[in-house]
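Trainee: Residue strings, one per chain:
Protein chains: 2
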Amino acid sequence: MAQKIVAGLFGFGVVGEGLYKLIRQSGYPNVELKTIVVQDKEKKRLLPPERFNYNKDEILNDSEIELVFELISDAEEAFMIVKAALLSGKNVVTANKKMVATHLAELIELQQKTGKVLLYEAAVAGAIPVVQTVDRYLAWQNVKSIRGIFNGTSNYILTALHNGLNYQEALREAQLKGYAEADPTLDVGGYDAKFKSIILALHGFGKLYKPEEVFHAGIQCIDSHEIVWAESHNYTLKLVGNIYSTDNGVSISVLPEFVTTEDKLSKVNGVLNGVTVETSNSGSYFLEGEGAGSGPTGQAVLGDVAPVQTNSSYLYNKGVEESKPVNAVWNIYLKTDVEALLEQITFDQIFEESKYEGQHRIIGRISVSELEKLSESERKHVFIGKLPDNFLQSNKEYQANAKKDPILT
Amino acid sequence: MAQKIVAGLFGFGVVGEGLYKLIRQSGYPNVELKTIVVQDKEKKRLLPPERFNYNKDEILNDSEIELVFELISDAEEAFMIVKAALLSGKNVVTANKKMVATHLAELIELQQKTGKVLLYEAAVAGAIPVVQTVDRYLAWQNVKSIRGIFNGTSNYILTALHNGLNYQEALREAQLKGYAEADPTLDVGGYDAKFKSIILALHGFGKLYKPEEVFHAGIQCIDSHEIVWAESHNYTLKLVGNIYSTDNGVSISVLPEFVTTEDKLSKVNGVLNGVTVETSNSGSYFLEGEGAGSGPTGQAVLGDVAPVQTNSSYLYNKGVEESKPVNAVWNIYLKTDVEALLEQITFDQIFEESKYEGQHRIIGRISVSELEKLSESERKHVFIGKLPDNFLQSNKEYQANAKKDPILT
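Line by line, the protein sequences are chains A and B.
The first sequence begins at 15 in our numbering and counts up by one.
The second sequence begins at 15 in our numbering and counts up by one.
Keep in mind that the hints were calculated from the coordinates and are not lab data.
All copies of an identical chain are treated as equivalent in the list; a pair is satisfied when it fits inside any one copy or across any two copies.
Pairs of lysine to any residue, SDA-like flavour, derived with a Cα cap of 25 Å:
id: 1; residue 1: Lys281; residue 2: Asn248
id: 2; residue 1: Lys18; residue 2: Glu335
id: 3; residue 1: Lys394; residue 2: Leu179
id: 4; residue 1: Lys281; residue 2: Glu245
id: 5; residue 1: Lys281; residue 2: Glu292
id: 6; residue 1: Lys97; residue 2: Leu47
id: 7; residue 1: Lys35; residue 2: Glu292
id: 8; residue 1: Lys191; residue 2: Gly297
id: 9; residue 1: Lys48; residue 2: Met94
id: 10; residue 1: Lys158; residue 2: Asn44
id: 11; residue 1: Lys158; residue 2: Ser40
id: 12; residue 1: Lys48; residue 2: Leu60
id: 13; residue 1: Lys278; residue 2: His176
Quick caveat, the model's predicted, so the values are computed rather than measured.
Please model the entire structure based on the sequences and the hints provided.
Mentor: Structural data, given as structure tokens:
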């Protein structure tokens, strides 16, 4: 067994507390949590106040500490801590997806300059070890696509919508259960899933994207009409992070998708996360696990300790190339109650169009660059759902069956 | 990127050829396949004869070779090679499940004595990186159960049975597609899945089992009666390797299971493999991928190269303790056309019993030690299927529904 490692912990929220409990409960003595630094002196916590420090330097200047767990929520403050820790010769494990996704280029440079280990499995897909699987296990394998449900909050709400609740009820339920913040925008707006997708795009495809250049849309405008339409067409609505190779480059996006019932992602329900990785030579992988919570995220942090002990940084074997997403063309179901917004965008082709109770609905083919003409604040008033590429054909079959079955017409 | 590693390869069958192609196609220069040793000089192969050597020492005595890929089929010969390679200071990656499962204790001792890296991801569950996930990522996590479909051949046949073929047709189809050997006993008899279960039991639970002490039963006696019965009760028949903690110890077995339709294993079809890992503090994980074939198994071998390059052996963090499986008591559906065999075993409780067209069927509760009274050759004439623990209760609901629905009676 590897030697005991002396560690310092920044942050004692859901993840930090989860990590602390796991280290205590597991009975494995390999990690000694020497110092815990938190910000708020008044906050009530699981442990007595004397267990905590309030000065970053208590960890950063302690030469005995070899490993820093960075588990605070503020992304910029987290980046400062990670940077200082690496530069002072410490290994770092972090769970901060926004910080990692926003500073990937600088982080890799710092890691390579210092030669220390920097890992962030907990930043993506909760308990599922997908970063190391893509980075290390599939280092020599060509990845064709990575598609996943990366945000437990949105998935909980979407599952509840399919179970008959409306959006406000579903959101309220998620908030009562502690799955959604008071301001849920980061989750339901697709931002969180975007950070995770950007991290996977680097490890799987060697592409480095700026968050502001990756298209994303949220689930806020979904109502029962969309749910009924989806179910009658044998689809399930999921918020999907989608990265895939095309002849012209790599496409990356986060938006609601009408997922077919044969797709494994359609069965990933509640706060679970799931991800499909398609490769050139070893088929498809599907991984599912808990997407959030103290224990699962704490485990994802703890799971990075073994590679730290063998000095195993990520390989970044596909390269690190600053890129722009390819301008894909998709089949889209779009709905809005602000008709003026529709004047800003042009569909390549419109398959169906309707107005009903103040809602305009268009099903058609449109490029991402058109959808991006809608600003982020405008997108709050628009539902943009991606349909399968074979939508037209399967819709013909649906229409033919609907004619036979009076219930569907 | 890590330095180039010079490797030698033993065996050029399905897996060896797959590995060779991946190394060539992937365009990553990190592995140089210097020497390939095979046994049969006459066999026609993808590469010209001059690319091969026929003397083991060409690899074992070559001090430039740091890594040995052991991919031959003979388990005892493979063990000799792995032993010699480790003792001569080389790292080893092997795909031989029988060899690993049979010699685990000696292999770990050799690994620790020599300090070299020994990895065998490809030995378990095809392309799925489950050994490293359980050993390394979940090293500090308490594992409650590991359940999986580990044999693609049996799963292909069982899927075909549910699609309406009979056993002989399904086996023939599997043979024609190259999924089953001329003598399929190792696969359909549960031996292969048992070796894989034994490997996972060590990494997940720290228990070391002798293959001859682990109960297994095969799928050979399944006919349409069992398939119809399963489907009418909402079950799918799967050959499941099942390892789980009980208050009295760990249970390990391989036998056909009537899997509920909510169980993710019920959706793992064809030659796919799938595995569920249940933990104490981070929920359940489900991993699915290709169970066999040149590319997927070659990938599993290649995926072990990155940890070799960082000198990352398995952790065996749960310990290595020689153990006997606990004597579990299960709900069992048993069928045989050899009535005399039934006299050897005693059920704790019999729920249903019938004789029909020469077949005796018993559904009841029985301990593993009773089932073990049937010898391996006797078990070829008996179908032994494990039912869920809540079978009686769900069967009551089935019976109640059946009364309402004339089709089911």
